[in-house]
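S.K.: Read top to bottom, the protein sequences are chains A and B.
Numbers 3 to 244, taken from my numbering, label the letters of the first sequence in order.
Numbers 249 to 483, taken from my numbering, label the letters of the second sequence in order.
Since the hints were made in silico from the structure, they are not lab data.
Note that the structure is predicted; figures quoted are calculated from it, not measured.
Don't be surprised by glycine CBs; every beta carbon is placed ideally from N, CA and C.
Hints may contain errors.
Stretch-level coverage of chain A by chain B, calculated; a stretch enters the list once three of its residues show a Cβ under 8 Å from a Cβ in chain B [as the list claims (entries may be wrong)]: (1) 60-71; (2) 104-112; (3) 208-220.
Listing some non-contacts, in silico: residues in chain B with all C-beta distances to chain A over 12 Å [to be verified]: (4) T293; (5) G343; (6) L355.
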Amino acid sequence: MASDMAHELALDVAQLRVMRGRQEVLRSLTFEVARGELVGLLGPSGSGKSTLMRTLLGVQRITSGTARALGERVGAPSLRRRIGYMAQGSAIYPDLTVLENLTYFSGILGLDQAQARRAMDIVDLNLHAHRLVTSLSGGERSRVSLAVALLGEPPLLILDEPTVGLDPVLREDLWSTFSRVTEEGTAVLVSSHVMDEAARCGRLLLIREGRLLFDDTPAALLARTGARGYDEAFVRLIKGAP
Amino acid sequence: MLTVRRILQQLRHDPRTVGLLLVVPSALVGLLAWSLVNRPGDFATLGPRLLGVFPLTVMFLVTSVTTLRERTNGTLERLLTMPLAKAEFILGYAGAFALVAIAQSILVSALSYTWFGLAHQGIPWRESGVALCAGLLGTAFGLALSALATTEFQAVQFMPAFILPQLLLCGLMVPLGQLPATLRYVADVLPMTAAVHAITSSQTDLYYFEQFAIMIVYIVAALVVGSATLRRRTK
Numbered sequence: 003m004a005s006d007m008a009h010e011l012a013l014d015v016a017q018l019r020v021m022r023g024r025q026e027v028l029r030s031l032t033f034e035v036a037r038g039e040l041v042g043l044l045g046p047s048g049s050g051k052s053t054l055m056r057t058l059l060g061v062q063r064i065t066s067g068t069a070r071a072l073g074e075r076v077g078a079p080s081l082r083r084r085i086g087y088m089a090q091g092s093a094i095y096p097d098l099t100v101l102e103n104l105t106y107f108s109g110i111l112g113l114d115q116a117q118a119r120r121a122m123d124i125v126d127l128n129l130h131a132h133r134l135v136t137s138l139s140g141g142e143r144s145r146v147s148l149a150v151a152l153l154g155e156p157p158l159l160i161l162d163e164p165t166v167g168l169d170p171v172l173r174e175d176l177w178s179t180f181s182r183v184t185e186e187g188t189a190v191l192v193s194s195h196v197m198d199e200a201a202r203c204g205r206l207l208l209i210r211e212g213r214l215l216f217d218d219t220p221a222a223l224l225a226r227t228g229a230r231g232y233d234e235a236f237v238r239l240i241k242g243a244p
Numbered sequence: 249m250l251t252v253r254r255i256l257q258q259l260r261h262d263p264r265t266v267g268l269l270l271v272v273p274s275a276l277v278g279l280l281a282w283s284l285v286n287r288p289g290d291f292a293t294l295g296p297r298l299l300g301v302f303p304l305t306v307m308f309l310v311t312s313v314t315t316l317r318e319r320t321n322g323t324l325e326r327l328l329t330m331p332l333a334k335a336e337f338i339l340g341y342a343g344a345f346a347l348v349a350i351a352q353s354i355l356v357s358a359l360s361y362t363w364f365g366l367a368h369q370g371i372p373w374r375e376s377g378v379a380l381c382a383g384l385l386g387t388a389f390g391l392a393l394s395a396l397a398t399t400e401f402q403a404v405q406f407m408p409a410f411i412l413p414q415l416l417l418c419g420l421m422v423p424l425g426q427l428p429a430t431l432r433y434v435a436d437v438l439p440m441t442a443a444v445h446a447i448t449s450s451q452t453d454l455y456y457f458e459q460f461a462i463m464i465v466y467i468v469a470a471l472v473v474g475s476a477t478l479r480r481r482t483k
């Protein structure tokens with residue numbers, strides 16, 4: 003079992019195309035993500051990052067190609083408790099307390115309240131357990147949303163711009179959390195448009211207009227573009243692309 | 249029922265909304281009683297019928313806005329990526345707001361029969377039954393129609409579009425027998441007409457059975473439509 007798990011890919015995407023209306027949002031994407039990998043998904047806004055994440059969750063219809071998560075076709079019912087998802091925007095109930103939110107979502111996942119408390123512990127929100135979400139700051143709300151994604155310790159996390167609007171200290175905290183869970187074997191796919199965060203990832207996927215421009219380590223990105231920083235590397239890659 | 253509990257928790261944190269849900273219908277019946285104080289027979293006819301109108305209207309509005317909020321703030325999408333049974337969501341809303349509708353009707357009836365001086369003529373279980381069904385009608389239609397709205401502003405606009413025509417035709421303004429034939433056929437199958445008429449006195453048992461049957465058919469149909477609007481996958 004353990005060796006099966008190790009060989010099983012967290013994500014396996016081949017020639018994935020997604021049309022939304024008449025627009026081709028994803029054009030023939032192919033990539034893999036292994037267990038325990040921390041992969042950054044970067045690209046300008048409108049490049050298709052969110053659509054890709056929603057496709058991997060199984061909520062976006064695929065036009066052609068294949069996408070598999072944890073060995074199963076995306077959207078398979080058995081994946082619904084094995085992928086933790088954090089959407090853009092917090093997607094939690096503002097008129098419930100932190101603990102009530104986590105208790106409800108853990109109930110839907112078939113977990114008990116101990117798991118809700120554990121998730122609250124990971125994102126360091128214990129002191130705010132009984133505060134209404136409306137009274138929390140933007141950063142605290144993001145952490146509640148992340149805690150929902152972490153419920154039940156799923157083997158794959160898909161996080162859509164989790165650090166947007168957070169101060170540097172909180173961003174640092176969240177990235178430490180991501181690194182910690184990957185050490186335990188969880189695969190994390192995290193999108194961002196803050197290029198400095200690229201350095202925290204083991205691997206980067208850069209997409210522009212639905213095409214994969216780059217798939218390698220952060221060091222390789224700097225080497226390939228000859229840039230000194232990630233912002234510059236990103237701009238060079240985007241502008242230099244045919 | 250996790251979702252029933254969650255919705256009631258949300259209401260508990262919003263005492264102003266709960267106050268409005270309970271106080272406004274009571275105050276309106278009181279106002280009607282006062283305005284008809286010189287025509288006591290009219291209040292005896294109209295008063296009980298409003299017990300069917302309020303839960304339908306109020307629960308429709310509350311449900312369409314709250315479920316639209318779930319659709320727009322991402323919580324519904326998040327739930328649909330989880331192993332949530334659609335029935336859990338739909339029946340959660342129906343259950344929670346049915347409880348609110350019952351609380352509302354108990355308060356309105358109690359005040360009507362004491363303070364507002366309404367003579368007791370109906371059978372209490374029938375009034376509670378109507379309030380419950382009317383509340384469920386409002387919730388079920390709110391769930392289904394909220395799928396057509398993309399903003400809360402639009403959701404609120406559905407209220408006059410959905411409720412006011414029924415209010416005009418349900419027999420409160422014009423007795424059903426005096427409507428033009430075509431409208432009479434329409435009026436006879438509207439859910440609010442059934443709610444209003446299930447409460448009127450001195451009819452046969454079969455008549456009441458029919459009115460309740462109409463309401464239940466609408467509730468089930470609207471819940472099925474509402475459930476079909478919860479799509480796990482978008483185009």
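S.K.: Can you name, in rising order, the numbers of the hints this structure does not satisfy?
M.R.: Violated hint: only 3; rest satisfied.
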